[in-house]
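Chemist: The chain contents come next:
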Amino acid sequence: MIRVLLFAYIKERLGKEEIVFNEQQMTVRQLRERLEQEYHLQATSSLMIAINEEFATDDDIVYAGDVVALIPPVSGG
Amino acid sequence: MIRVLLFAYIKERLGKEEIVFNEQQMTVRQLRERLEQEYHLQATSSLMIAINEEFATDDDIVYAGDVVALIPPVSGG
Amino acid sequence: MMERYSRQMLFSPIGEKGQRVIQQKHVLIVGAGALGSANADMLARAGVGRLTIVDRDYVDWTNLQRQQLYSEEDADNRWPKAVAAKRRLASVNHDVHVEALVMDAQDESFASLFEQQIDLIIDGTDNFETRFLLNDLAQKYRIPWIYGACVGSYGLSFTIIPEQTPCFRCVMNHLPSYHLTCDNVGIISPAVQMVAAYQTTEALKILVGDVRAIRRSLVIFDVWQNEHRFLQVHKLKNEHCPSCGTDRIYPALRSERAKTSVLCGRDTVQIRHTHPFHITNMMEQMKANGQQVHGNEYLLMTQLEGHRVVLFADGRMLVHGTKDATFARSLYQKYFS
Amino acid sequence: MMERYSRQMLFSPIGEKGQRVIQQKHVLIVGAGALGSANADMLARAGVGRLTIVDRDYVDWTNLQRQQLYSEEDADNRWPKAVAAKRRLASVNHDVHVEALVMDAQDESFASLFEQQIDLIIDGTDNFETRFLLNDLAQKYRIPWIYGACVGSYGLSFTIIPEQTPCFRCVMNHLPSYHLTCDNVGIISPAVQMVAAYQTTEALKILVGDVRAIRRSLVIFDVWQNEHRFLQVHKLKNEHCPSCGTDRIYPALRSERAKTSVLCGRDTVQIRHTHPFHITNMMEQMKANGQQVHGNEYLLMTQLEGHRVVLFADGRMLVHGTKDATFARSLYQKYFS
Chain F
1 MIRVLLFAYI KERLGKEEIV FNEQQMTVRQ LRERLEQEYH LQATSSLMIA INEEFATDDD
61 IVYAGDVVAL IPPVSGG
Chain H
1 MIRVLLFAYI KERLGKEEIV FNEQQMTVRQ LRERLEQEYH LQATSSLMIA INEEFATDDD
61 IVYAGDVVAL IPPVSGG
Chain G
1 MMERYSRQML FSPIGEKGQR VIQQKHVLIV GAGALGSANA DMLARAGVGR LTIVDRDYVD
61 WTNLQRQQLY SEEDADNRWP KAVAAKRRLA SVNHDVHVEA LVMDAQDESF ASLFEQQIDL
121 IIDGTDNFET RFLLNDLAQK YRIPWIYGAC VGSYGLSFTI IPEQTPCFRC VMNHLPSYHL
181 TCDNVGIISP AVQMVAAYQT TEALKILVGD VRAIRRSLVI FDVWQNEHRF LQVHKLKNEH
241 CPSCGTDRIY PALRSERAKT SVLCGRDTVQ IRHTHPFHIT NMMEQMKANG QQVHGNEYLL
301 MTQLEGHRVV LFADGRMLVH GTKDATFARS LYQKYFS
Chain P
1 MMERYSRQML FSPIGEKGQR VIQQKHVLIV GAGALGSANA DMLARAGVGR LTIVDRDYVD
61 WTNLQRQQLY SEEDADNRWP KAVAAKRRLA SVNHDVHVEA LVMDAQDESF ASLFEQQIDL
121 IIDGTDNFET RFLLNDLAQK YRIPWIYGAC VGSYGLSFTI IPEQTPCFRC VMNHLPSYHL
181 TCDNVGIISP AVQMVAAYQT TEALKILVGD VRAIRRSLVI FDVWQNEHRF LQVHKLKNEH
241 CPSCGTDRIY PALRSERAKT SVLCGRDTVQ IRHTHPFHIT NMMEQMKANG QQVHGNEYLL
301 MTQLEGHRVV LFADGRMLVH GTKDATFARS LYQKYFS
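Chains as they are written, first to last, in UniProt numbering: chain F, 1 to 77; chain H, 1 to 77; chain G, 1 to 337; chain P, 1 to 337.
Don't read these hints as lab results, they were simulated from the structure. Please note that a few of the clues may not be correct.
[As the list claims (entries may be wrong)] Keeping only pairs whose Cα atoms sit at most 30 Å apart, straight-line, the calculated DSSO-like set for lysine-lysine is:
hint, chain 1, residue 1, chain 2, residue 2
1, H, Lys16, G, Lys235
2, H, Lys11, G, Lys235
3, G, Lys323, P, Lys140
4, F, Lys16, G, Lys323
Based on the sequences and whatever the hints tell you, model everything.
Modeler: This is the structure we're talking about:
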């Protein structure tokens, strides 16, 4: 089970605080694709993704048990 | 091993960020006593103590592997 | 005019409905130092209907480094903080009704404020005695209050909801000794702002009634050391607590308030007089006697035996440059009793 | 007079030595909205020697809810934010030399600021284009800068040290699309204050040279949802990054700056003119033609074809109430080219 924590407008858009993927492993790139396909999130390439409190690149692998954070960059100031 | 994290003036007074007790277990009361005896902290009854991010009472038991936080109440405002 | 709050109404947990509610609320801010100042500024800008601000002190140059409502002109004229705060807040949001009270919360008249509806109390005090008093008043009148404190780069905050959370006395069951709490280790303004940000957020949650969002943990941080933790407190709720337990006696409301107190970390003694001072008359009299005296309608400042002394209209006297209560009382008796 | 900084000097990582250093430093604050305002207030109170504040906008009533330097009088008179900020800061700490620049950071003249010594840049901007520009300038001139942003009750901050940490482009390798970043979901002031508290703390660490204490993680929080996390970023440092890598080309410094831009979340289009407007002359002329016009020496405001239009002395025109760049350009050409 891979837990994905949501923040800011992603949380509001999906109406939940986290989502779960029942996979043993997947790459960050695959995670982005599934978010686009299954949750209709657009342009996920601009979301930052951290695995276990460390930012990851698209080729990194998420394993079952990992906690992923989906960080939307915001511009307000 | 019991890790004790230090904050604010306790950290400054002891000149370190954490201290370690090599015990299998002890009560919070015993922990306070050892802090007074071995580290010369005074009036530890006014320090708040949390075990694994949850506040504890004097009769609670700390086990090896637990992380204790020693929280000094402060009054500045 | 609601338009000025448009960005706050766009925030969905508040919305236009929440904004209207906020504008009906009355918040008591006790202490208008660093935390009181930051909270008062945010709450006034947020459009809270009524703010009552209680403070016993006047604006000093050393306050300006972190007390955001005050300017050099305030320090120059030694305006009482409550008065200076009210003036700045009026320029920031004239919709908000601000009541400024120059008094010590330890004064008997403070408790009479609770005869009116108060929706929330913000802790901007600088000492534990007043917090234990606030805690008992909050429990007695069932008013939520938000503890906050900071020193150096370290701060903490905790939201106390009567009948729900542990109270301040449950969490801090001992009054810490003077030397532990009043060491003057300085303070940086971001530590103030972070505690105040937590306090104002909880205030907004409580005012709009978003009970589910209220933080049930105590937050501590050290912003210089990059530490930030939420600690669960529910275990500390004590059914035998004399402030919030089943047989509560509100000890802080029963105890005799000291007439003389050493102000925390300030090198100053405060004496509470039995009746008000006639500031304007006294100033004229002192000037006629050739004494150097400064002040305004709220307070006068002079030198006595090498010590700066301040008298407030509400009957308090501060003796600066000493922690010796006996000496301060002797000065008081010699000149004013 | 150092006495006013006594509480900050008592904080041991600063001390008297650090205070003297702070007073020699020059900080550039880009954007004087909510974050710029809060940072500028704290840094001025802390005694930073010189502050240069760049902002392209004027004070509006909807700003007052969270932009702590501004008062109703500023909104009434539509003072440019940089000018209003300078005025408030002067009343707060006359020791600090504040330079107020009413300009868009996208303007060519902005880059010329970097010909002088700048010790640190604070991000108070409200859009990604300007941040990518700041990032390239910071890398080119090797100046630390502190990213901060917030929306709703959510915020984030990250400290960028050239040659040490990943740069802004390493962390955010895509310019997010407009609809993702400029949704207007509102903002509450404590979210602003928390980001600003992180930014000012990092600023003080950098100014006094406490390198060990600098936060190497990106902090994110949601103060309404009681979330707070530090995320490690070192893995994102990209040696092929065009801004900080081995073959850097500083793309944001090379790209043609758009003459027309839709302001993020603002329902406003900005057009940059090729030369300055003579505001006073234009105001007189418009009034002589019987046109309703308001303003001051920095800007004028009028209605054109049902839209509020603002002209700035530096040659910019804002068309409010539209996101239609073509329409805005047509207005501009019809009346001012």
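Chemist: Hint compliance check: list the failing hint numbers for this structure, sorted ascending.
Modeler: Numbers 3, 4 - these are the hints that the structure violates, sorted from lowest upward.
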